[in-house]
Amino acid sequence: MIRVVLPYHLRTLAAVDREIALEVAGPATLNATLDALEARYPVLHGTLRDPATRQRRALIRFFAAGRDLSHDPPDAPLPDALARGAEPLIIVGAIAGG
Amino acid sequence: MSTVRILVGTRKGAFILTADGRRERWEISGPHFAGWEVYHLKGSPVDPNRLYASQSTGWFGQLIQRSDDGGQTWAPVGNTFAYEGTPGTHQWFDGTQRPWEFKRVWRLEPALTDPDTVYAGAEDAALFRSTDGGQSWQELPGLRAAKGHLWQPGAGGMGLHTILLDPSDPKRIFVAISAAGAFRTDDGGQTWRPINRGLNIQYELPDPTAEVGHCVHSIALHPARPQVLFMQKHWDVMRSDDAGELWREISGNLPSDFGFPIAVHAHEPETVYVVPIKSDSEHFPPDGKLRVYRSRTGGDEWEALTRGLPQSNCYVNVLRSALTVDRLDSCGVYFGTTGGQVYASADAGDHWTAIVRDLPAVLSVEAQTLP
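Chains V and F, in that order, give the protein sequences. Start counting the first sequence at 1; every next residue gets the next number (my numbering). Start counting the second sequence at 1001; every next residue gets the next number (my numbering).
These are computed hints drawn from the structure, not numbers from a lab. Backbone N, C-alpha and C define an ideal beta-carbon position, used for all residues, glycine too. Careful, some of the hints might be misleading.
Not everything, but these chain V residues come out facing chain F in the computed CB check (under 8 Å) [claimed, not checked]: (1) A14; (2) H45; (3) I60; (4) G93; (5) I95; (6) A96.
Computed list of chain F residues with no C-beta within reach of chain V, every gap over 12 Å [as the list claims (entries may be wrong)]: (7) T1018; (8) V1077; (9) K1171; (10) D1207; (11) H1234; (12) T1306.
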């Protein structure tokens, strides 16, 4: 079970509370977590990753267990604390815009 | 009595303004999609309760929303806009070639006969079509074959911002792109060609008669005379009487021929509206006076419409999709400003009142005339 904290606009879009819990099939990676997120909430498709390239959108960041995971390979294993559900994956929209 | 519904896209959400045919008392709903940019929303001509909205942000990308109840409730539909085949490249500011990359939808144009068919104008410039109510989108790639490698973005991005469907010919579509120019298909979108002859630009292009590269800001037509097109170009207000084969300038006595939107009266095909802006360096009205200009002669001779509009210290802009008309007997005219005002005239522009004054910056205004 992986815990995920979505940014405000995506919580509104998906009509969910601040934190959600996801069952992730197979090894717990960032891509697998985002796949599970989009499968459960199809409205989030394309909001975190570009639909064509599957690359992280430029102003999206991923934090967990005191680390910035944004530049980690998206298919690398997530930190153990995330995979165990001890810490949430925090998805943040960068400070930008007016 | 008829109802008028005004669909307003802003920098921070959409708003829907509704009034009866007198257009005196308005109900305002919104913000819909609060906090998101809504470049455009528009209703189906055949099913006015079917609305499509383009919702985007720099953080989370593009969503398309659809309503089947006139904007009371919305549901997201498809948001995958994939260029056909190998996307290819277009020109970049430094003269190099750059791959096409989808950024957002500037314009949504529901089809004239089928509520499930809708066109989307994208940045980077391309035309997409959905025939399943927005669930899936397919590009019409023939457009980018019209010298797309020579297209180059304007400062606001290389967006396809105008889509005009010819009511007399289902196979004819006009589009306009910043800063590539105007294009036309006569075979339902398979093949396209530039229609920019006569758009001579002394200072904007090295070759002022180039086929593409023209900074067209918007185009309008009257449904009864779809071969007559009116254009607000970066500089110059233009007219074509042959579906874009040749353009001629009709700026006449305008105080500035720079501007963004252009619209045609609902019942008078020779009555045209523009909002002159001082220049491309100063995006506000000349002399701090917000004036809509109306020509009843198809151009060249223009009159200032000022009653009810601020005539001092006004420094807002009116963007390309933010001027429109309704279809009531006494034609209503509407426009929104970057200062968040939406102005309405129930008498073809003679008198104006602000429906709202403090919305986020207005990006688009569309009117629906409901029975």
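Verification of the supplied hints:
Here the hint on A14 (chain V) is broken, as its CB sits about 10 Å from the closest CB of chain F, past 8 Å. Here the hint on H45 (chain V) is kept, as its CB sits about 7 Å from the closest CB of chain F, short of 8 Å. Hint on I60 (chain V) holds. Least Cβ distance to chain F is approximately 7 Å, under the 8 Å limit. For G93 (chain V), the suggested interface contact is upheld, since its CB lies about 4 Å from the closest CB of chain F, less than 8 Å.
Because the closest C-beta pair between I95 (chain V) and chain F is about 10 Å apart, greater than 8 Å, the hint is violated. Contact between A96 (chain V) and chain F, as hinted, is supported at the beta carbon level, the nearest pair being about 7 Å apart and thus within 8 Å. The beta carbon of T1018 (chain F) sits about 24 Å from the closest Cβ of chain V, which is more than 12 Å, so the claim that it is off the interface holds. V1077 (chain F), annotated as away from the interface, has a beta carbon of chain V within 12 Å; the closest lies near 10 Å.
Distance to chain V confirms K1171 (chain F) as a non-interface residue, since its nearest Cβ pair spans about 30 Å, more than 12 Å. Residue placement check: D1207 (chain F) keeps its beta carbon more than 12 Å from all beta carbons of chain V (closest about 34 Å). No beta-carbon of chain V is positioned within 12 Å of the beta-carbon of H1234 (chain F); the least distance is around 25 Å. For T1306 (chain F), the non-interface assignment is confirmed: its Cβ lies about 31 Å from the closest Cβ of chain V, beyond the 12 Å cut-off.
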